[in-house]
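Asks: So the chains spell out like this:
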Amino acid sequence: MKIRSSATLVGLFAVTLTLSACGSSDTTTTPSASAGSGSAAAPAGGGKVGIDFPRADSDFWNSYNKYAPKMATDLGIDLMPPTNSQNDVAKLVSNTQAMVSQGAKAIVMAPQDTGAIATTLDQLASKNIPVVTVDTRPDKGKTYMVVRADNRAYGEKACKFLGDQLKGKGKVVEFQGSLSSVNGRDRSEAFAECMKANYPGITVFAEPTEWEGPKASAALQTRLTQHPDINGIYMQAGGVFLAPTLQLLKSKNLLVPPTDPKHVFIVSNDGIPQEFQAIRDGQIDATVSQPADLYAKWALTYAKAALEGKTFAPGKTDHDSTIVDVGGGRLEDQLPAPLVTKENVDDPNLWGNQVK
Amino acid sequence: MTETTVASPGTPGGSQGSPGKARPGPSGFRIARFRDLALVPAILLLIVVGALIEPAFLSADNLTNVLQQQTELSLLVLAEAMILIAGKFDLSLESTVGLAPALGVGLVIPAASNGLGTDWPTTLGIPICLLIGVLIGAFNGLLILRFKLSAFIVTLGMLIVLRGLQIGFTGGQNLFALPESFLYLGNARWLGLPASIWICGIAYAIGILALGYFRHGRSIYAIGGNVDAARAAGVRTDRVVWIVFMIGGFLAALSGLLMTGRLGSVAAAQGDGMIFTVFAAAVIGGVSLDGGKGTLFGALCGVLVLGLINNILTLAGVSAQWIQAIYGGIILIALMLARVTSGKAQD
Chain A
1 MKIRSSATLV
11 GLFAVTLTLS
21 ACGSSDTTTT
31 PSASAGSGSA
41 AAPAGGGKVG
51 IDFPRADSDF
61 WNSYNKYAPK
71 MATDLGIDLM
81 PPTNSQNDVA
91 KLVSNTQAMV
101 SQGAKAIVMA
111 PQDTGAIATT
121 LDQLASKNIP
131 VVTVDTRPDK
141 GKTYMVVRAD
151 NRAYGEKACK
161 FLGDQLKGKG
171 KVVEFQGSLS
181 SVNGRDRSEA
191 FAECMKANYP
201 GITVFAEPTE
211 WEGPKASAAL
221 QTRLTQHPDI
231 NGIYMQAGGV
241 FLAPTLQLLK
251 SKNLLVPPTD
261 PKHVFIVSND
271 GIPQEFQAIR
281 DGQIDATVSQ
291 PADLYAKWAL
301 TYAKAALEGK
311 TFAPGKTDHD
321 STIVDVGGGR
331 LEDQLPAPLV
341 TKENVDDPNL
351 WGNQVK
Chain B
1 MTETTVASPG
11 TPGGSQGSPG
21 KARPGPSGFR
31 IARFRDLALV
41 PAILLLIVVG
51 ALIEPAFLSA
61 DNLTNVLQQQ
71 TELSLLVLAE
81 AMILIAGKFD
91 LSLESTVGLA
101 PALGVGLVIP
111 AASNGLGTDW
121 PTTLGIPICL
131 LIGVLIGAFN
141 GLLILRFKLS
151 AFIVTLGMLI
161 VLRGLQIGFT
171 GGQNLFALPE
181 SFLYLGNARW
191 LGLPASIWIC
201 GIAYAIGILA
211 LGYFRHGRSI
221 YAIGGNVDAA
231 RAAGVRTDRV
241 VWIVFMIGGF
251 LAALSGLLMT
261 GRLGSVAAAQ
271 GDGMIFTVFA
281 AAVIGGVSLD
291 GGKGTLFGAL
301 CGVLVLGLIN
311 NILTLAGVSA
321 QWIQAIYGGI
331 ILIALMLARV
341 TSGKAQD
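Residue numbers (the UniProt record's numbering), protein chains in the order written: chain A, 1 to 356; chain B, 1 to 347.
So here's chain A without its partners, still in its complex pose (with noise of 0.2 Å):
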C-alpha cells in the first residue's frame, strides 16, 4: 500500500537483480518467490495462472499471500510458485515477464504503483493473457476484472462511526495513506467529504504519513499537544497504525475505557486480529474488516473463469457484491467490507478471526 521509499540507489540495483533472473526464461528462477508450494492441484482446463504477490512485510498482505495457495487448491487451479515485487513495480513487470516465459495463461498481481503498470497490462492484452487485480484498479490499461473492496465505503463507514459516537462535535485525526496509491486516495476523500456533509461540528486534522507508522506517531504527539482534547481517531491501515497509536496514547495516559469522557474514539481498517483483540479490550472501538480471503478466492475464481472463456456484465453478483463498470468496459468487483464493532469482533466469518 504505501510507496516505499528505498529509493532509486537499492531500486537500480535490485532491478538488475530481477532483471538478469528473468534473461534465463524457462528455468524456475522466479525472483524471490515466497510460500512455494501452490502449485499441487490437479490442472484445470484452462492451463497455468501465475499470481504475484505486492509484498511480504505487513500482516494483511501476509494474510492474502496464505490465503492464495490454499483457495487455488479448493478451485483446482494449476497456480504457478507465486513472485513477491516488494512493492517495487519495476519488479512487478519483470515478474510478469518472467511467468509468461513460464507459460501462465492468466496472470492475478495487485499493483501498488496503479499508473506504471499500464504498459504491461497493454503487452499482456496484446498476448491474449487475461489480468485480474487484486485491491487496485489500474489507472489505465486492459484487465478482464477488479477485484477490490470499495475503499471509498471504507472513509464513510468511519466518518458515519465516528461522527455518531461523538455525537457530531470534537476534534478527529486522520491518518491519511499515501495520496499516490488510489486506496489512500479513495478513503481520504470520502472521509473529508462525508464529515464536511454530515458533521460540521467536528474538526478533522488530516495528517499525511506515507503508511508509516513512525510519522502516524510524530503528527499524534503533536497535535495532542497543540489540541489536548482530541477525541477521535481515524487510520487508515490498521496494520502500521496501531500498535504506535496505542503506545502513545499509552504514555499520555489516554488509553482508557469508552466509559471514561477521556476516551479516544478510534476507527481502523485493514481488521488484522491485532485490532479485533484491541476492540475486545476497549482499546480501540471499529475496524472495516478488508476482506483477504476474499481478495483471494474471487482474484482466483475470475482467472479461473478467465480461462473458461466466462464474460462477466455489470450488476449484482451472488457472493454479496456488485459489480461495477468503471468506464472503458472495465469491470470491478466491489466486494463487501463490513465494519466490526464489539458487538460482533467475534463473528468466526471475519478473516481476522481465521487466522492461525
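Treat the hints with care, as some may be off.
To be verified - So these bits of chain A aren't anywhere near chain B, every CB distance computed over 10 Å:
(1) Asp113
(2) Pro244
(3) Leu246
(4) Asp260
(5) Gly327
Unchecked claim - Here are the in silico distance ranges between beta carbons for each label pair:
(6) B:Ser59 to A:Lys262: 36 to 44 Å
(7) B:Ser319 to A:Leu75: 40 to 48 Å
(8) A:Pro257 to B:Ala177: 16 to 24 Å
(9) A:Glu343 to B:Gly317: 30 to 38 Å
(10) B:Trp190 to A:Pro257: 24 to 32 Å
(11) A:Pro261 to B:His216: 55 to 63 Å
It should be emphasised that the hints constitute simulated quantities derived from the structure, not laboratory data. The structure presented is a predicted model; accordingly, all values stated were derived computationally and were not measured. Cβ coordinates follow ideal geometry from the N, Cα and C atoms, glycine included.
Given the coordinates of chain A, work out where chain B should sit on it, guided by the hints.
Replies: Only chain B this time, still in chain A's reference frame:
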C-alpha cells in the same frame, strides 16, 4: 589552527564564524565553536516562524516532543557522521534498526506471538539486540577492511540482506507482544524528560568529546582526511575504522530499541527509508561525504533542523499534497541561510 579537529580546513561554518561575532577570535578554541554554529541562525529562524504560526509551538511539551521524535534519527546520524568522517559509508544502518530489535524480541517471546520459538529468558532480549548491532558493524568492517571491498556496495548489499533476514525470520509479521524491558527505554521519563533524550544527549556528549579531544577520536579525522598519511603517522587505521563501524552498528541497534519502545511494536518495515534522512541531516549539518570534515555538533544541528521543520509543518496543518514540496523547499532555504551566514562554501 584549531584544537578540535585534525583535518580542519573544511569544517562547516568556515573560519568567518557567524555574523556579528564573525571575526576570528584570539583563541583557536572559540573559532572552532563558531564553525559548528553555521546552522544556528536557521534553527533560530525556524523557532521564530514556529512561534508565529502556532503559540503551542514554544510550550515545553511540544519542544520535548520534537526532541523525542528525533532521538532515533539522531543516533543514526551520530553513527553515520563518525563513519563519514572516517571516510567510509554505511547504508545498512537503517536495516539494523529493524533487524536488531526484531531478533532481540523474536528470540525471547513465545512462538504463539510470532516469536522464533526459542523462548530465551527475556532479560537477554536487549543484550542480544545490541550485540547484533555490534556484530553487523564488525561484519561490515570485515568485508570492507580485510577483503578491501567498496564500502558503498558492501553496505548496500547488507541493507538488502538485513531487511530480507528480518522479513524471513519474522515471516513479515509485525511483532506486537513485546517484553516490558523493550518498552521501557522508549517510554520512561528521567528527571522530567523522556529517557531517550537523555540517552541521545549523553551519546552526543561522549562523541563530541571523543572526536574533539581524545587521540583515538581525532585519529578518525586523520584517517578520513588522508589514510596513508595517518598510517605513516602511526595510527592503526584499520583497527580504528573497524571500531567505528562496530560503534555505528551498536548505535543503530540502540536507535532501533528506542523506536521499538516508542512505537510499541517492531514493524517489518521499521527503519525502512531512514538512511536518506540520515544522510540529509549529516550533510545539512556540514559533514562531508568525502571524509575527514564535519563535526558531530553540526550533524546534531542538522537533525534539529529537520525535526523542527516536521513539527512546524504538522502544527500548521499543511495539506498532504504539498507537504513534500514545502519540506524540501525549507531545507534548501535553511542551507542557503547557513551558507550566507557562515560565508563559507559548502562541500
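Asks: Hint by hint, which ones does this structure get wrong, listed from lowest number up?
Replies: 2, 3, 6
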